[in-house]
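Start from the sequences, fold in the hints, and give me the full structure.
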Amino acid sequence: MPESAWSHPREGKRVVRFPEGMERTVTFKGEEMGVRYRMELEVSERMPDAKDHALLLPLVEVDTWITSLDLPEGEVIALYRDSGTRASAAAWGR
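Under UniProt numbering, think of the first position of the sequence shown as 1, with each following residue one higher.
Any given hint could turn out to be false.
[As the list claims (entries may be wrong)] Pairwise CB distance ranges, derived in the manner of DEER restraints: (1) Glu-31 - Ser-7: 26 to 32 Å; (2) Met-33 - Ala-54: 50 to 56 Å; (3) Leu-71 - Trp-6: 48 to 54 Å; (4) Ala-5 - Thr-25: 27 to 33 Å; (5) Ser-7 - His-53: 20 to 26 Å; (6) Ala-54 - Gly-34: 49 to 55 Å; (7) Asp-63 - Glu-31: 30 to 36 Å; (8) Leu-71 - Val-16: 16 to 22 Å; (9) Tyr-37 - Ala-78: 35 to 41 Å; (10) Leu-55 - Glu-23: 38 to 44 Å; (11) Leu-59 - Gly-30: 46 to 52 Å; (12) Glu-11 - Met-33: 45 to 51 Å.
Derived from the structure by calculation, the hints contain no laboratory data.
Glycine residues also receive a C-beta, built at the ideal position from the N, C-alpha and C atoms.
Now the structure itself:
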């Protein structure tokens, strides 16, 4: 992965995102239909950790979200991170 693809939200932390579009054919009530969705993948690498403790190896975290929402990747991730909160209910119109 080229270094330019990574963002650096703070010293010692870098993040990269990969959107991946997918399509599947499913059968529903005897009828075949194409279903489009996408997977958002985010990889975070921390060195040192959030409390500024030195690490021998980087702490790597991988998060994935699968959605059929037609929203930009940052908005999709924010909605899923806020799921179950008052902010997500407002965004979903509840």
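- Which of the numbered hints are not met once you compare them with the structure shown? Of the numbered hints given earlier, those the structure breaks are 1, 3, 9, listed in rising order.
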